[in-house]
Amino acid sequence: MTDFDLASLITFIPAILRVTTPILLAALGVLISERAGVLNIGVEGMMLTGAFAGVVVSAATGSASLGFLAALIAGGLLGALLSFAVHVLKSDLILSGIALNMAAAAGTTLLLFMLTGDKGMSGSLSSKVLPHLTVPVIAGIPVLGTLLSGHHILTYAAFLAVPGVGLFLMRTPMGLRLRAVGENPESAAIAGINVRRVQIGALVTSGVFAGAAGAFLSMGYVSWFSQNMSAGRGFIALAAEVMGHGSASGTMFASLLLGLAEAASIALQGAGLPSELMQTVPYLVPVIALVVHARRRQRQLARA
Amino acid sequence: MTDRPLIAFAGISKTYGNGTLALDDVSFAIRPGVIHAVCGENGAGKSTLMKILFGLEQPTSGSILLDGEAVAIPSPRIAAEKGIGMVHQHFSLVPSLSVSENIVLGQEPRRGAFLDRVAARRRVEELSRRYNLAVDPDATVRTLSVAAQQKVEILKALSRDVRVLILDEPTAVLTPPETDELFDRLRDMRAAGLTILFISHKLREVRALASHVTVLRAGKLAGDAPLAAIDDEAIARLVMGQAAGPALKRGGRVSGTPRVVVSGVHLKARDANDRLEGIDLTVHAGEILGVAGVDGSGQRGLVSLLTGRAQPTTGAITYEGKPTAGLGTAALRRLGLAHLPADRFQDGGSKRMTLVENAIAGAHRLAAFSTGPFLKRRAMETRTEEMIVHYKVRCPGPNAPLSALSGGNAQKLIAAREFATEPHFMIADQPTRGIDVAAAAFLHERLAELAAKGGAVLLITADLDELLTLSDRIVILYAGRIVARLENEPGLTPERLGPYMLGLESAA
Chain A
1 MTDFDLASLI TFIPAILRVT TPILLAALGV LISERAGVLN IGVEGMMLTG
51 AFAGVVVSAA TGSASLGFLA ALIAGGLLGA LLSFAVHVLK SDLILSGIAL
101 NMAAAAGTTL LLFMLTGDKG MSGSLSSKVL PHLTVPVIAG IPVLGTLLSG
151 HHILTYAAFL AVPGVGLFLM RTPMGLRLRA VGENPESAAI AGINVRRVQI
201 GALVTSGVFA GAAGAFLSMG YVSWFSQNMS AGRGFIALAA EVMGHGSASG
251 TMFASLLLGL AEAASIALQG AGLPSELMQT VPYLVPVIAL VVHARRRQRQ
301 LARA
Chain B
1 MTDRPLIAFA GISKTYGNGT LALDDVSFAI RPGVIHAVCG ENGAGKSTLM
51 KILFGLEQPT SGSILLDGEA VAIPSPRIAA EKGIGMVHQH FSLVPSLSVS
101 ENIVLGQEPR RGAFLDRVAA RRRVEELSRR YNLAVDPDAT VRTLSVAAQQ
151 KVEILKALSR DVRVLILDEP TAVLTPPETD ELFDRLRDMR AAGLTILFIS
201 HKLREVRALA SHVTVLRAGK LAGDAPLAAI DDEAIARLVM GQAAGPALKR
251 GGRVSGTPRV VVSGVHLKAR DANDRLEGID LTVHAGEILG VAGVDGSGQR
301 GLVSLLTGRA QPTTGAITYE GKPTAGLGTA ALRRLGLAHL PADRFQDGGS
351 KRMTLVENAI AGAHRLAAFS TGPFLKRRAM ETRTEEMIVH YKVRCPGPNA
401 PLSALSGGNA QKLIAAREFA TEPHFMIADQ PTRGIDVAAA AFLHERLAEL
451 AAKGGAVLLI TADLDELLTL SDRIVILYAG RIVARLENEP GLTPERLGPY
501 MLGLESAA
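Protein chains in written order, with the working numbering: chain A, 1 to 304; chain B, 1 to 508.
For the record, the hints were derived by calculation from the structure and aren't laboratory data.
Any given hint could be a false lead.
[Said to hold, decoys possible] In silico DSBU-like pairs for lysine-lysine, Cα to Cα no more than 30 Å straight-line: (1) B:Lys268 with B:Lys322; (2) A:Lys90 with B:Lys351; (3) A:Lys90 with B:Lys51; (4) B:Lys220 with B:Lys202; (5) B:Lys376 with B:Lys351; (6) B:Lys376 with B:Lys220.
[To be verified] Residues from chain A shown here face chain B by an in silico Cβ test under 7 Å; the list is partial: (7) Arg171; (8) Pro173; (9) Ala180; (10) Asn184; (11) Ser187; (12) Ala191; (13) Ile193.
[What the hints assert, rightly or not] Some chain B residues close to chain A (C-beta under 7 Å, calculated; not the full set): (14) Pro76; (15) Arg77; (16) Val94; (17) Ser96; (18) Glu101; (19) Leu105; (20) Phe114; (21) Val118; (22) Ala119.
For every residue, glycine included, the Cβ atom is placed at its ideal position computed from N, Cα and C.
Sequences are here, hints too, so could you generate the full structure?
Quick look at the structure:
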């Protein structure tokens, strides 16, 4: 491999991390909900709403932090709404999640139009952007600096959340209860655990993660919201969680694979290949990956 | 004795939302430090009463007195606080968690924000030593045998400083030696001052273990007496509400021509528990061949081969001399096969369909029940009503869903359907598991009757009393092989079968 190739590869890595960030944040949220037995199908809508809330509140207050906080709260509130539908109104989890996604897509468009008179973009709102971080010392080291420094603050947050979520699930009493609730709610109830409370908490937390993913979309590299800007990343996050086999680190690797696909499709669009074809790559890869994953799981079951 | 009762049920009644009266003014007392048995048929209210004591259900009226004081037990957590623990019939364990995680679940030792796994393991080892129940704290529950899982379940109940331990049908899943070991441990616990409530419908076990028995029948208290003051027949009468029929005992019946011959059959299955490694057996016309073995010794594989749901990897099966290779379930049924599956709500019938639909399934294409593409509803209902009367199926009506029936009544309906075809070969797989004594006795009579009329019956059962009552001959499966072939002589006891079932001995 020539120096030129190596250099371009290293500069490609920040691009992968950038597109992986929202997928990973959302997938960790999905992971928490799934382990509690309440798979958050509404993650796409929560992401989109988080993106919208971040733009509107940061434009109104002039504060990126308040905008980010609003995105988290919006995601959490939708998590609570989904939980209300499922736990109080006893509606179906999957259908409620789908309804939430459709309502979020339409609702954000409607509110966007009411606020800006534009159905497509929030260009007229002067919203804020969350910062990038330069890690002192490391930033100066040639290759390491490119790999470890200068990323978006939410990229750091997403990757630091991986061991955080992993330790929470596997090493804390709360995580143990959450896993017990997800696997066998009757046993958990008999052990004196309030199953409903654990599941409500899991859905709200899941929504907060989705809100953070949304904030990255609208406040990470750009300072605007556009109609349906989550563009299916919530569903890709669902795929990442499934491929991750229920573990935080597995979810991270799956997210990185899917992020790589998206980054590659962006890079290849400039390389003379039909861009419409390239745009399908981020969606084709999860389909192929899930097929491979399902086949492998079948073989494992066959061996056992 | 004049001990004050530890627990007293005072006029407990329970009516469910659908109007079913599960318990009707039940009152009795349990003295401290004894093993107290609660007997009764399925649906008699035993489980409901225990669920009320454990806080899983609330009584409609009446109260529970603990140490002479009325207490409310709104949840299992409160029950645990009051020193009441329960070992559930269907274990309450989480399969993917470790033994120690399961035991500390809900009251985890902490170190900072984290679970203190060292302390959790220590707690389990302490309990394990104190109660002489050996478990590996780090093993994943999914990998444990049923008997080991039960130990975990017991330790989990004991981990909460219990004074009263409820065991719901604890021996249903155990082999005779495992049952003996459990009984020894329970006696140790009683000696240590624990009060044990033992739910069972096996009189032999009640007699072996308990000092006092309470019998429930149809939600009412049928009797309550020290075991020293009541004989088995009297208990059986209380349970069944009438004089129990004379015990059937078969064995050594002269059998007719070979009807089903299995020779040199191997089956490679996905699940190792279903594999067969060279099975030879013959079921003759007019006999009941009993198949014993610990659950997962190849019974499921054998049944799927004989019912046409799987084909042998090598070896052959013939049916009245004709090879059955390549024949599916429908073809075998046309040859005279009938099947009472072990899982009556999964394989035996469809829970969401009505009794009529379940009773006619399989016969729905007969001219009696269809005209062209349409079913004759009236004829189907009439036929089902006959079955309901004939088989004494307690149900709201022929158009109720199967799910409205108790396990025993659902099984009777399915049996009615299977016997109606006048089968040449009947596979009865755990025909009476979890169903009440009266329904079980009824099904036993039907099976014996079928054999007497020349039918060949293969009886697969984990209930050794049932096996020894019904079978003419017995084969014992272990790890996919037949390890013993026995004539069912009068002297044959469950204890003699145990070592074969556990693979300790072989006589084949």
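Okay, which hints does this one fail, numbers in order? 6, 21 and 22
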